[in-house]
Structures are given as C-alpha cells and as structure tokens.
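2 protein chains.
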Amino acid sequence: MDVVTISTKSKTYPMYIGSGIIDQLPQLIKDTCKTVSNILVISDETVAQRYLEQVMVLLKTDFKNSYSFVIPAGEAAKSFEMYYQCQTFALSRGLDRSSLILALGGGVVGDLAGFVAATFMRGIPFIQLPTTLLAHDSAVGGKVAINHDLGKNMIGAFHQPNAVLYEIDFMKTLPLKELRSGFAEVIKHGLIGDREFYHWLIREVKTLSDLNKEKLQYAVLKGVSVKAKVVSEDEQEKGLRAILNFGHTLGHAIEAELGYGEITHGDAIAIGMIYALRLSEEIFNFDLSSSSIAASFKRFGFPVTVPQELPPEKLLQRMKMDKKATSGKVKMILLKDIGKAVIKDVDDKQLLLLLEKSYEKA
Amino acid sequence: MDVVTISTKSKTYPMYIGSGIIDQLPQLIKDTCKTVSNILVISDETVAQRYLEQVMVLLKTDFKNSYSFVIPAGEAAKSFEMYYQCQTFALSRGLDRSSLILALGGGVVGDLAGFVAATFMRGIPFIQLPTTLLAHDSAVGGKVAINHDLGKNMIGAFHQPNAVLYEIDFMKTLPLKELRSGFAEVIKHGLIGDREFYHWLIREVKTLSDLNKEKLQYAVLKGVSVKAKVVSEDEQEKGLRAILNFGHTLGHAIEAELGYGEITHGDAIAIGMIYALRLSEEIFNFDLSSSSIAASFKRFGFPVTVPQELPPEKLLQRMKMDKKATSGKVKMILLKDIGKAVIKDVDDKQLLLLLEKSYEKA
Chain A
215 MDVVTISTKS
225 KTYPMYIGSG
235 IIDQLPQLIK
245 DTCKTVSNIL
255 VISDETVAQR
265 YLEQVMVLLK
275 TDFKNSYSFV
285 IPAGEAAKSF
295 EMYYQCQTFA
305 LSRGLDRSSL
315 ILALGGGVVG
325 DLAGFVAATF
335 MRGIPFIQLP
345 TTLLAHDSAV
355 GGKVAINHDL
365 GKNMIGAFHQ
375 PNAVLYEIDF
385 MKTLPLKELR
395 SGFAEVIKHG
405 LIGDREFYHW
415 LIREVKTLSD
425 LNKEKLQYAV
435 LKGVSVKAKV
445 VSEDEQEKGL
455 RAILNFGHTL
465 GHAIEAELGY
475 GEITHGDAIA
485 IGMIYALRLS
495 EEIFNFDLSS
505 SSIAASFKRF
515 GFPVTVPQEL
525 PPEKLLQRMK
535 MDKKATSGKV
545 KMILLKDIGK
555 AVIKDVDDKQ
565 LLLLLEKSYE
575 KA
Chain G
215 MDVVTISTKS
225 KTYPMYIGSG
235 IIDQLPQLIK
245 DTCKTVSNIL
255 VISDETVAQR
265 YLEQVMVLLK
275 TDFKNSYSFV
285 IPAGEAAKSF
295 EMYYQCQTFA
305 LSRGLDRSSL
315 ILALGGGVVG
325 DLAGFVAATF
335 MRGIPFIQLP
345 TTLLAHDSAV
355 GGKVAINHDL
365 GKNMIGAFHQ
375 PNAVLYEIDF
385 MKTLPLKELR
395 SGFAEVIKHG
405 LIGDREFYHW
415 LIREVKTLSD
425 LNKEKLQYAV
435 LKGVSVKAKV
445 VSEDEQEKGL
455 RAILNFGHTL
465 GHAIEAELGY
475 GEITHGDAIA
485 IGMIYALRLS
495 EEIFNFDLSS
505 SSIAASFKRF
515 GFPVTVPQEL
525 PPEKLLQRMK
535 MDKKATSGKV
545 KMILLKDIGK
555 AVIKDVDDKQ
565 LLLLLEKSYE
575 KA
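Heads up: the sequence lines are chains A and G, in that order. Each residue of the first sequence is one higher than the one before, counting from 215 in the numbering used here. Each residue of the second sequence is one higher than the one before, counting from 215 in the numbering used here.
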C-alpha cells in the first residue's frame with residue numbers, strides 16, 4: 215500500500231492507494247474523523263450494484279447509523295435537483311454536524327457528494343472512495359461542485375476530504391473507455407509536473423492493457439504526487455493550481471458544445487492537451503515533439519483532433535467562459551518543456567487560428 | 215466613524231460603523247478587494263426602492279460593470295429557487311472569479327448573497343451593506359446560508375466578507391418592529407459577553423425611541439465587539455462560537471413551528487433568552503434576576519412567553535433538530551452570570567418541564 219499526504223492550508227490528509235485495502239475503511243474513519251454520529255454513503259447506480267453492499271456491511275459493525283443514497287449514473291446527476299435531493303435525504307435521516315459523508319464512485323459522485331458535505335449545515339467531513347481511474351485526480355484537492363445550465367462546475371466550493379482511499383481492485387470492473395478517460399489525467403500529471411514519470415508512462419504503457427495492478431498503482435501514485443505538490447502550494451487556485459487545467463480549456467469547451475456525456479472527459483482533454491502543446495510550440499518557438507505525443511495518444515485510443523461538427527468560433531466562445539478567464543481574456547496552460555507548465559493570456563485571434571488547424575484533414 | 219476589526223482564521227476584515235459613510239463605498243472596495251472585474255449588488259424589493267439607486271450611482275463612476283439583482287423581501291427568498299436565480303443572473307452577466315458581490319439589505323439578503331458568493335465558481339469576494347439592526351449581527355462572522363424545507367439555514371457555508379459597511383442612516387427608515395427585532399441581538403451580546411454593556415443598555419435605553427444615532431452607533435459597536443471576539447477564537451463553531459446561539463435554540467423552534475415570518479427573529483429569541491435564563495437559574499441554582507430581565511424585555515415590547523398555540527412537545531422536537539444537537543441531545547447555551555455564557559447538554563425531560571411553565575398563565 216502507498217500513502218500520499220496532501221497538505222493544504224485548510225487541511226492535511228492521507229490518500230491510501232492499494233489492492234484489497236477497502237477492508238481498512240472502518241479503521242480509516244476512526245483514525246481520520248472525530249466522533250461520527252451517522253454516515254451517509256452517496257453512490258451511483260452502476261457503482262452501487264457492484265460495491266455498495268460490501269461497503270455497507272463493512273460499516274454496519276462499527277457504525278450502526280449508516281445510510282446510503284444512490285444517484286443515477288452519469289454527469290446529469292451533478293444537478294441542482296440531485297443536490298437538493300441529497301440534502302433532503304441527509305436531513306430526513308437525522309444527519310448532524312458530527313456526521314460523515316462517504317463518496318463511493320467516480321468524479322460525478324465525488325463532486326456532488328463533496329459539495330453536499332461542504333454545505334450541509336455549513337460543512338461536514340467527507341471521505342473519498344474513488345472507483346474510477348479518472349477519480350484518482352478529482353478525489354484529491356478539495357474541488358467539489360455541481361453543474362449549472364450555463365456551465366460545468368460553476369457552483370461549488372473548496373472542501374478537502376478527511377481522507378481518500380483508492381482501492382485498486384475497484385478498477386477491475388472499469389470499462390476500457392473509462393480507464394482511458396482516467397489515463398488522460400495521469401498523462402497530464404506527467405506532462406505538467408514530472409518529466410521522468412511521463413517518459414516512464416510512454417515506455418512502460420504501450421497500450422492500456424499494459425496497466426496491470428502494479429503499473430496502475432505506480433501511475434496513480436506518481437500522478438497524485440504531482441497534484442499533491444501543486445495543491446499544497448495553492449489550494450484555492452489563486453495562481454499555480456491553474457496548471458492542473460492543462461488541456462482543459464479546450465477540453466471543457468468540447469464537452470460542453472457536444473453536450474455532456476457525448477465524449478468522455480479524458481478524450482476531450484486529450485484533444486485539449488495536443489492543442490495546448492501545439493500552441494506552446496507556436497508561442498515559445500520550442501519543439502515539444504507534439505506530433506510524437508499525438509501518435510502515442512492515438513495508440514492509447516485517444517482522439518487528437520477536434521470533432522468536425524464543432525465550429526471553431528463556438529469553441530472559442532466557450533473557452534472565454536472558462537472559470538480561469540478574467541475580463542473575457544482566455545488564460546491558457548502551456549508547456550515550456552515536458553514537466554514544466556506555465557499560465558499565459560492568449561489572444562482570441564491566435565487561439566482561433568490554431569483551432570482552425572486542429573480538425574482532421576479530409 | 216468606528217471601526218471593528220474581525221480577525222478569523224480564514225480572513226481579517228474591517229467593519230465600519232457610522233453615519234453618512236455610504237459614500238466611502240467605492241474607496242472601501244478599492245481598499246479591500248483586488249482587481250474587480252464586475253460587481254453584482256443583491257438587494258430586496260423594500261431596500262432596493264430606498265437605497266439601490268444611490269448605491270448604483272456611487273458604483274458606476276469607478277466600476278462600469280455593475281449590475282443589480284432584486285429578490286422579493288422576506289425570509290421566503292432564502293430558498294433554493296432564489297439561490298439558483300442569483301447564480302443564473304451572475305453567470306449570464308459574465309461575472310467571473312474576479313467579480314464582487316455586494317449584499318445590500320438585511321439578514322436574508324446577506325445570507326443568500328453570501329452563500330451565492332461562497333459557491334459561485336467555488337467562491338468570490340463579497341461585502342456586506344446591512345440595512346437593518348438585526349443585520350449588524352448576521353453581517354459579521356461569515357455564516358451564510360439558505361433554508362431547506364426541513365430547517366432554517368441548513369444549507370450554507372462559512373464565507374467571510376471582505377468588509378462590512380454599517381451605515382447608521384439606513385436605520386432611519388426601519389420600522390419599529392424591525393428595530394426591536396435587531397435590538398434582541400444587541401441585548402444578547404451584552405448578556406453573553408459584556409456585563410457592563412448590558413447594564414449600559416438597560417440604563418440608557420428605556421424604550422426603543424431612546425435609540426438615537428449616537429446610542430445606536432455605540433450599541434452596534436459594543437455588540438459587534440462581543441461577536442468579533444467570539445468569532446476570532448472559533449470561526450467555524452467547533453466550540454465557543456455556539457454561545458452566540460443564546461436564546462436561539464427555542465427561538466428557532468418557535469419561528470419554525472409558527473411558520474417563518476409569523477414572528478420576528480428578535481421576538482422569538484427574546485422568548486428563547488428568557489427561557490434560557492430560567493433554565494440557567496434552575497441548573498446552576500443561581501439568581502440571574504430573570505424576572506427583572508423579563509420586565510425590561512416587556513418594556514421594549516418583546517414577548518416573553520411561548521405562544522399558546524405551540525405544543526411544548528412539538529417545540530422540543532424542533533429543538534432536537536437544532537444544528538448544535540449531536541446524536542439527538544439538545545445543547546443549550548446557558549448563563550453562569552450576566553456576561554458569562556456556557557454550553558451544556560440538557561435532558562429532554564428538564565427542557566420539557568420548563569417549557570410547560572413558559573406559557574402565559576390564563
């Protein structure tokens with residue numbers, strides 16, 4: 215089992231990564247939370263079917279007042295409506311300020327359950343139990359949110375979990391598409407913060423089927439370590455933390471324009487990362503071997519060009535609505551080298567020009 | 215003009231109290247906020263009619279992108295629906311992370327606007343411009359929230375404002391009933407934390423009409439000073455801060471049982487304070503002269519007995535749903551002496567017995 219310690223201004227907490235470690239959940243709760251009066255496990259339909267019973271059995275011995283609330287699977291559940299339903303359930307089951315919320319699921323569950331925890335009676339503790347590779351990333355760092363019709367993650371908070379337990383065995387049942395989606399964030403962490411790790415990835419993982427237990431555990435460990443370092447320096451994204459958004463400015467725009475759920479987050483940011491790499495090469499006049507990186511991406515099954523049906527102007531408009539944008543100016547995360555990210559305002563014109571070149575040639 | 219500095223773990227900020235100080239708002243914004251891209255003033259219909267234009271004119275010179283959103287007056291506006299509408303308005307006007315929210319109004323506006331600010335793009339700055347006496351209290355300390363059908367202020371956050379500007383002249387138009395409501399919190403601050411101030415109040419303010427400009431400013435200053443001290447020691451109500459809830463456990467129960475808006479907050483907590491004083495005398499076997507305090511309360515126009523139509527069992531049930539309660543045990547704020555509050559678990563039976571004695575005798 216590996217442990218990464220995440221130290222932020224507001225809280226320091228452990229992330230455990232390992233195979234067969236879910237049994238240690240009751241002990242982890244006792245170690246990281248004060249008196250716990252009630253526990254509410256929030257999960258989604260897909261995950262609940264597989265793992266909820268196991269988790270509830272584990273909890274019931276030590277924590278009699280344990281309840282579960284199951285939300286529909288998919289991004290649409292990160293809604294105001296579902297947020298309200300979770301709050302109603304929590305109140306009706308008598309949760310109080312000494313209660314604990316467990317987020318058992320992927321990023322959607324973690325974000326929603328985390329925002330419920332952040333705002334229930336002005337904030338109660340929660341623990342992340344990620345069940346996807348993508349959530350190795352979202353479970354760490356305290357960003358929790360729900361979506362608004364006018365934008366993804368627009369309503370939220372910074373609320374650090376008391377702990378993260380990453381059970382590698384949960385990945386066994388993960389569809390390949392989901393594994394790939396999460397792998398995009400793993401690569402991102404290499405690209406923005408750990409050159410050596412990035413090269414290890416490209417060398418050791420030729421295709422996704424190479425991600426066996428050991429390599430998966432190592433990849434999660436190294437990826438999270440990059441994130442932990444960034445978050446410890448800038449919890450609330452006043453500056454540095456924005457580099458974690460590498461590939462996301464265009465990625466989010468593509469997700470939004472296609473309609474959420476039409477493309478995986480990982481596929482969208484893969485396109486965004488290739489775009490950001492090419493923009494970096496243009497702006498810094500430095501060869502980052504974006505073509506060879508794009509070739510690796512293709513080998514993993516990632517798309518690397520913008521979907522034909524999305525007009526570049528629409529994408530630019532979306533990019534300008536990004537949370538990083540200030541006064542209508544798009545802030546891009548660029549690379550000065552592999553492992554070295556910087557934040558830079560980029561002109562609309564330059565963004566649009568490169569966008570136009572980012573479609574597959576007919 | 216007086217200044218109180220509120221120092222909490224997460225933020226230190228000033229509260230200005232004075233007559234004719236609203237003109238200093240643009241300067242205050244420049245002094246306490248970094249670059250401000252847009253400003254959204256949230257106000258309610260009653261307040262907007264009186265002061266919104268004045269405030270918007272003040273802002274427009276220095277901050278071109280200033281918008282206002284007016285909510286209905288009254289507690290019902292602290293709803294999920296209105297919360298969502300504020301977020302929608304903010305997003306549609308292009309507010310970003312460098313934007314500022316101003317809460318121009320009483321406690322409802324402050325709580326709602328504060329919660330919008332706390333969660334818009336994971337938190338943006340806000341400034342409180344209280345327009346009621348009650349809000350001298352709620353505007354300080356960072357408690358922001360909306361109501362849930364199952365309880366008042368159940369969904370919220372701790373989000374400190376960047377500054378509070380308390381314009382004494384705004385009180386001129388305050389109806390007597392509202393002035394009295396706020397005065398209950400002023401008295402509370404004396405009772406829990408400043409014996410000398412409490413005696414000054416009783417001596418200098420025989421009836422509410424004695425609250426002229428100077429006395430009002432002094433009362434707000436002293437009341438806020440008690441609160442600032444408590445909040446600086448315990449921002450997130452892990453312990454001490456709960457004493458600010460003196461009178462509120464029963465007070466909130468009465469408000470909820472009668473239906474919000476049927477009784478003012480101040481009248482409800484006045485009844486709650488007399489109840490808590492009597493309970494303190496019973497438990498500590500110490501004479502706090504609760505009868506003479508009740509007599510003063512009556513002189514100000516406060517009710518001091520529980521409304522006849524509310525069954526004691528129902529009130530107890532509500533008290534057990536209080537946010538301070540843990541594992542179904544009611545935590546009461548009691549006084550060991552005037553100016554000295556303590557927190558104590560109290561048995562349901564004792565609570566109920568005293569409740570039964572708290573109705574007006576036929």
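Simulated from the structure, these hints should not be mistaken for lab results. Glycine is no exception: its CB is placed at the ideal position from the N, C-alpha and C atoms. Wrong hints could be hidden among the right ones.
Capping the alpha-carbon separation at 27 angstroms, the derived lysine-lysine pairs in DSS-like fashion look like this [to be verified]:
| # | chain 1 | residue 1 | chain 2 | residue 2 |
| --- | --- | --- | --- | --- |
| 1 | A | Lys225 | G | Lys538 |
| 2 | G | Lys543 | A | Lys244 |
| 3 | A | Lys274 | G | Lys534 |
| 4 | G | Lys244 | A | Lys244 |
| 5 | A | Lys558 | G | Lys244 |
| 6 | A | Lys274 | G | Lys274 |
| 7 | G | Lys538 | A | Lys545 |
Below, a sample of chain A positions facing chain G; criterion: calculated Cβ distance under 7 angstroms [stated by the list, open to error]:
| # | residue |
| --- | --- |
| 8 | Gln241 |
| 9 | Asp245 |
| 10 | Ser251 |
| 11 | Ser293 |
| 12 | Phe294 |
| 13 | Leu305 |
| 14 | Arg336 |
| 15 | Gly370 |
- Task: May I ask you to test the interface hint for Gly370 of chain A with respect to chain G, counting a Cβ-Cβ separation under 7 angstroms as satisfied?
- Result: Result: holds, 5 angstroms to nearest chain G Cβ.
- Is it true that the CA of Lys543 of chain G sits at most 27 angstroms from the CA of Lys244 of chain A? Holds - the C-alpha atoms of Lys244 of chain A and Lys543 of chain G are around 22 angstroms apart, at most 27 angstroms.
- Task: So, Gln241 of chain A near chain G? Judge it on the closest CB pair being under 7 angstroms.
- Result: With Cβ-Cβ at 22 angstroms, over 7 angstroms, it is violated.
- Item | Straight-line alpha-carbon gap Lys274 of chain A to Lys534 of chain G, limit 27 angstroms | This hinted pair holds, its Cα atoms lying about 24 angstroms apart.
- Holds or violated: is the Cβ of Ser251 of chain A closer than 7 angstroms to a Cβ in chain G? holds (5 angstroms)
- Satisfaction of hint between Lys274 of chain G and Lys274 of chain A, Cα-Cα up to 27 angstroms: violated (59 angstroms)
- Taking 7 angstroms as the limit, does the beta-carbon of Asp245 of chain A come near enough to a beta-carbon in chain G? Since the shortest Cβ distance to chain G is 19 angstroms, the answer is violated.
- Interface hint outcome for Ser293 of chain A [beta carbon to chain G under 7 angstroms]: violated (11 angstroms)
- Taking only the CA atoms, is the gap from Lys225 of chain A to Lys538 of chain G under or equal to 27 angstroms? OK: Lys225 of chain A and Lys538 of chain G at ~23 angstroms, within 27 angstroms.
- Item | Agreement of Lys244 of chain G and Lys244 of chain A with the hint, judged by alpha carbon distance not exceeding 27 angstroms | With a Cα-Cα distance of about 47 angstroms, the restraint between Lys244 of chain G and Lys244 of chain A is violated, given a limit of 27 angstroms.
- Task: For the hint on Leu305 of chain A, just tell me whether its beta-carbon gets within less than 7 angstroms of chain G.
- Result: holds (4 angstroms)
- Has the given pair, Lys558 of chain A with Lys244 of chain G, been kept, meaning a C-alpha gap of at most 27 angstroms? Judged against 27 angstroms, a Cα distance of about 26 angstroms means the pair holds.
Violation of the numbered hints given earlier is confined to hints 4, 6, 7, 8, 9 and 11; the remaining hints are satisfied by the structure.
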